[in-house]
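Trainee: These are the residues of each chain, in order.
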Amino acid sequence: GDSVTQMEGPVTLSEEAFLTINCTYTATGYPSLFWYVQYPGEGLQLLLKATKADDKGSNKGFEATYRKETTSFHLEKGSVQVSDSAVYFCALRTISSYGKLTFGQGTILTVHP
Amino acid sequence: NAGVTQTPKFRVLKTGQSMTLLCAQDMNHEYMYWYRQDPGMGLRLIHYSVGEGTTAKGEVPDGYNVSRLKKQNFLLGLESAAPSQTSVYFCASSYDSDPYNEQFFGPGTRLTVL
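Residue numbers (this note's numbering), protein chains in the order written: chain A, 1 to 113; chain B, 1 to 114.
Careful, some of the hints might be misleading.
[What the hints assert, rightly or not] Only some residues are given here: those of chain B computed to face chain A with a beta carbon under 7 Å:
id : residue
1  : Gly42
2  : Ser94
3  : Phe105
[As the list claims (entries may be wrong)] Label pairs and their computed distance ranges (CB to CB):
id : chain 1 : residue 1 : chain 2 : residue 2 : range
4  : A       : Ser83     : B       : Gly40     : 20 to 28 Å
5  : A       : Ser85     : B       : Gly40     : 13 to 21 Å
6  : B       : Tyr95     : A       : Gly61     : 23 to 31 Å
7  : A       : Thr26     : B       : Glu102    : 18 to 26 Å
These are calculated hints, taken from the structure and not from any lab test. The beta carbon of each residue, even a glycine, is placed where N, CA and C say it ideally should be.
The shape of chain B in the complex, shown without the other chains (with noise of 0.2 Å):
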């Protein structure tokens, strides 16, 4: 099981340039998330899904797209890239929304916007 996999890795983007973010988990879970991580703010939920072809608004939702077309993915969009969104995003997944599962995370993805 390779568990949350990202692509890409690393990516740096121009100011307005638009781009999708990979998310793939094959452990059959329900739940996804997307977070973005800012120094000394921890992380901060952007987007979630409940199973395949739903999504919702998280706390810091504008300026991102979200979509699950597939159980296993999750995409999340940036139609019109802004230095504010340069941070490290992971993607998370969770076979349920029982507090007590555990949610596991991908590597991460490092975008710089300049």
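For reference, chain A alone in the conformation it holds in the complex (with noise of 0.2 Å):
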């Protein structure tokens, strides 16, 4: 079956800092991938996705990368703020899944100033 896999946390970086969370996937079909941000006591939003092999999404600095070939989709961003702690998902969804996400286990992220 599908599955997600991210890198082992929580993390920790002060401001400014260099942010990669890494993610690999396995998935039956072709997946479209997402990354999810849970900011303290709220719901998930998307934070970014890519469709097919090669697209790179983005959005509020974050950055990632769809990799077919390594199926990866490590998120970055190359200056975190405070404001950016939250939990991080990374997530797959595939045409035959009834449009159900599957999702990685989650990354806590702190940034201390």
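Dock chain to chain to rebuild the complex, using the hints, since each chain is given by itself in its own frame.
Mentor: Here you go:
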């Protein structure tokens, strides 16, 4: 079946540091890939997505590139802010899955001033 | 547009009690989903619906029932709550099952079963 594996957390960084959160996947079909963010006390929000190989999704300074050859979709940001502190989820969706999302376990990011 | 709303936001139950969580969406979406979120496990699908009057089991359906009597509402029921059902529950909706399309989430319901 489909699965998503994220790097172990939590991740603690200082403001303006570089962020990478690794995400790899296995899927029976050709998935679309997503990063969702959950701020404290809130629901999930779509951060970015990519729907085919070599696509780059980007939003709010975050980027992730769909790498089919390595089945990866790593999240990066060049300079994090305190306001980026949240839980980040990598997820996939395939056409055969009735639209359901398969999530990774989530990575807690804390950014200190 | 309110998007996806959930009621209640918080609830504490005793073992064996029952309750219903309500999800409503105003985007005319066909597909609706119930997930549970547990630490270190991401979100897992409980049940889903592909249209009014339909429901189907997800990955972790045991102990839950659902109904979709109206297109805009998706109800999740716990008939006899157990401590293992302590979790945060998220409802989501999407226009269809196309993987290109976004799935929208509600703010969640935090349930504690004592």
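Trainee: Hint by hint, note whether the structure agrees.
Mentor: A quick look at each hint next to the structure:
For Gly42/B, the interface hint holds, the least distance from its beta-carbon to any beta-carbon of chain A being 4 Å, beneath 7 Å. With a cut of 7 Å, the hint placing Ser94/B at the interface with chain A holds, because the nearest CB-to-CB distance is about 5 Å. Taking 7 Å as the C-beta cut-off, the interface hint given for Phe105/B holds, the closest approach to chain A being about 4 Å. A C-beta distance of roughly 25 Å is found between Ser83/A and Gly40/B, which places it inside the suggested range of 20 to 28 Å.
A hinted range of 13 to 21 Å for the beta carbons of Ser85/A and Gly40/B is consistent with their spacing of about 19 Å. Range check, Tyr95/B to Gly61/A: Cβ separation about 28 Å, and the 23 to 31 Å hint holds. Distance hint check: the CB atoms of Thr26/A and Glu102/B are about 23 Å apart, consistent with the given range 18 to 26 Å.
This entry satisfies every hint, going by the numbered hints stated previously.
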